[in-house]
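One-letter residues, chain by chain:
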Amino acid sequence: TQLLEQSPQFLSIQEGENLTVYCNSSSVFSSLQWYRQEPGEGPVLLVTVVTGGEVKKLKRLTFQFGDARKDSSLHITAAQPGDTGLYLCAGQVEKLTFGTGTRLTIIP
Amino acid sequence: NAGVTQTPKFRVLKTGQSMTLLCAQDMNHEYMYWYRQDPGMGLRLIHYSVGEGTTAKGEVPDGYNVSRLKKQNFLLGLESAAPSQTSVYFCASNLKPDFLSLNEQFFGPGTRLTVL
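Top line first, the protein sequences correspond to chains F and V. To convert, note that position 36 of the first sequence is 36 in our numbering; the numbers rise steadily by one, no gaps. To convert, note that position 30 of the second sequence is 30 in our numbering; the numbers rise steadily by one, no gaps.
Do not rely on the hints blindly, as some may be mistaken.
[Claimed, not checked] Derived PhoX-like pairs: lysine-lysine, alpha-carbon spacing no greater than 25 Å straight-line:
1) V/Lys71 with F/Lys95
2) F/Lys56 with F/Lys95
3) V/Lys71 with V/Lys57
4) V/Lys70 with F/Lys95
5) V/Lys71 with V/Lys96
6) V/Lys70 with V/Lys14
7) V/Lys14 with F/Lys95
8) F/Lys95 with V/Lys96
9) V/Lys71 with F/Lys70
10) F/Lys70 with F/Lys56
11) F/Lys59 with F/Lys95
12) V/Lys70 with V/Lys57
13) V/Lys9 with V/Lys71
14) V/Lys9 with V/Lys57
15) V/Lys96 with V/Lys70
[As the list claims (entries may be wrong)] Now the in silico label distances, taken between C-beta atoms and shown as ranges:
16) V/Met41 with F/Val28: 36 to 46 Å
17) F/Ser12 with V/Pro109: 22 to 32 Å
18) F/Thr105 with V/Ser67: 32 to 42 Å
19) F/Glu15 with V/Lys70: 41 to 51 Å
20) F/Gly53 with V/Gln17: 45 to 55 Å
21) F/Gln80 with V/Gly3: 46 to 56 Å
22) F/Glu17 with V/Asp26: 20 to 30 Å
23) V/Met41 with F/Ser30: 21 to 31 Å
24) F/Val28 with V/Val50: 34 to 44 Å
25) V/Ser84 with F/Glu5: 40 to 50 Å
26) V/Lys14 with F/Gly53: 50 to 60 Å
27) F/Glu15 with V/Thr15: 40 to 50 Å
If you're looking for bench data, these hints aren't it; they were derived computationally from the structure. Remember, it's a predicted structure, so these values are computed and weren't measured experimentally. Just so it is clear, CB atoms sit at the ideal spot from N, CA and C, and this is done for glycine as well.
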């Protein structure tokens with residue numbers, strides 16, 4: 001079983017600040033996805049990264065896949081209250097394995 | 001186009017009772033999944049199905065059974081509920097994943113189950 005550890009587990013910051021959350025594993029993945037989940041709803045896909053070292057940007061969110069395809073990071077610039085939610089990474093081998101999650105709260 | 005729907009949204013059971021959670025998708029997806037979500041543990045795969053009439057065990061299958069009699073429906077059963085099965089259950093579906101596909105999973109809104 002591939003294990004995906006996310007850090008930090010909880011993060012609470014002021015609106016306008018920058019932040020980075022991490023997703024780490026000892027396993028190599030063929031691709032890695034990031035999902036965001038809001039209270040009372042299911043996760044929704046934000047991005048998929050496939051190539052080692054790949055960087056994708058989604059407005060103020062920047063996603064990077066590690067060179068060895070074992071880890072990933074999500075950087076948010078100028079965080080806004082709408083960014084509040086649970087962020088989940090998920091690594092793909094045969095099946096998708098989800099990380100432990102980072103619960104992000106942006107304080108207005 | 002409703003996407004993935006789950007029934008019921010909430011349920012409280014007593015230890016030893018049984019129940020069935022229903023998942024339905026209208027996207028003609030081949031693959032369907034049942035996950036449970038517990039604090040600090042992310043989503044853990046219970047069972048999944050790669051097509052009508054097929055089922056397979058995931059990471060935490062004990063205490064659960066599933067059936068996929070129709071392509072659009074995936075049922076999760078608890079024969080004798082235990083307090084350890086208190087959790088939020090999510091159903092998901094996707095097209096047949098392959099090396100080149102984005103393999104996005106589409107999730108339902110979840111069922112919050114409490115076992116007393």
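Now the hints, each set against the structure:
Under the criterion of a C-alpha separation no larger than 25 Å, the hint pairing lysine 71 of chain V with lysine 95 of chain F is consistent with the structure, at around 20 Å. Restraint check for lysine 56 of chain F and lysine 95 of chain F: satisfied, since their Cα atoms lie roughly 23 Å apart, inside the 25 Å limit. The suggested pairing of lysine 71 of chain V with lysine 57 of chain V holds, with an alpha-carbon distance near 18 Å, which does not exceed 25 Å. A C-alpha spacing of about 22 Å is found between lysine 70 of chain V and lysine 95 of chain F, which places the hinted pair at or below 25 Å, so the restraint holds.
Simply put, lysine 71 of chain V and lysine 96 of chain V have alpha-carbon atoms about 13 Å apart, close enough for the 25 Å limit, and the pair holds. For the proposed pair lysine 70 of chain V and lysine 14 of chain V, the alpha carbon gap of about 30 Å is over 25 Å, so the pair is violated. For the proposed pair lysine 14 of chain V and lysine 95 of chain F, the alpha carbon gap of about 33 Å is over 25 Å, so the pair is violated. A C-alpha spacing of about 11 Å is found between lysine 95 of chain F and lysine 96 of chain V, which places the hinted pair at or below 25 Å, so the restraint holds.
Annotation: proposed proximity of lysine 71 of chain V to lysine 70 of chain F is violated, straight-line Cα distance about 34 Å (limit 25 Å). For the given pair, lysine 70 of chain F sits about 17 Å from lysine 56 of chain F by alpha-carbon distance, which is consistent with the 25 Å threshold. Using a Cα cut-off of 25 Å, the hinted pair lysine 59 of chain F and lysine 95 of chain F is violated, with the two alpha carbons roughly 29 Å apart. Taken as a hint, the lysine 70 of chain V and lysine 57 of chain V pair is honoured in the structure, with Cα atoms around 18 Å apart against an allowance of 25 Å.
With a C-alpha separation of about 22 Å, the suggested pairing of lysine 9 of chain V with lysine 71 of chain V holds against the 25 Å cut-off. With a C-alpha separation of about 24 Å, the suggested pair lysine 9 of chain V and lysine 57 of chain V falls inside the 25 Å cut-off, and the hint holds. Straight-line distance between C-alpha atoms of lysine 96 of chain V and lysine 70 of chain V comes to about 16 Å, which keeps the hinted pair within the 25 Å bound. Evaluation of the 36 to 46 Å hint for methionine 41 of chain V and valine 28 of chain F yields a failure: the beta carbon distance comes to about 23 Å.
In this structure, serine 12 of chain F and proline 109 of chain V meet the distance hint of 22 to 32 Å, their C-beta atoms being roughly 25 Å apart. In this structure, threonine 105 of chain F and serine 67 of chain V meet the distance hint of 32 to 42 Å, their C-beta atoms being roughly 39 Å apart. For glutamate 15 of chain F and lysine 70 of chain V, the hinted distance range of 41 to 51 Å is satisfied, since their beta carbons lie about 47 Å from each other. Against the hinted window of 45 to 55 Å, the Cβ-Cβ separation of glycine 53 of chain F and glutamine 17 of chain V comes to about 51 Å, which satisfies the hint.
Glutamine 80 of chain F and glycine 3 of chain V have their C-beta atoms about 26 Å apart, which leaves the hinted 46 to 56 Å range violated. For glutamate 17 of chain F and aspartate 26 of chain V, the hinted distance range of 20 to 30 Å is not satisfied, since their beta carbons lie about 41 Å from each other. Methionine 41 of chain V and serine 30 of chain F have their C-beta atoms about 23 Å apart, which keeps the hinted 21 to 31 Å range intact. Remark: the range hint 34 to 44 Å for valine 28 of chain F to valine 50 of chain V is contradicted by a beta-carbon distance near 23 Å.
Between serine 84 of chain V and glutamate 5 of chain F the Cβ separation comes to about 23 Å, which falls outside the hinted range of 40 to 50 Å. A beta carbon spacing of about 53 Å between lysine 14 of chain V and glycine 53 of chain F agrees with the range 50 to 60 Å that was offered as a hint. Between glutamate 15 of chain F and threonine 15 of chain V, the C-beta spacing of about 45 Å keeps the proposed range 40 to 50 Å intact.
Consistency with the previously given hints fails for numbers 6, 7, 9, 11, 16, 21, 22, 24, 25, ordered from lowest to highest.
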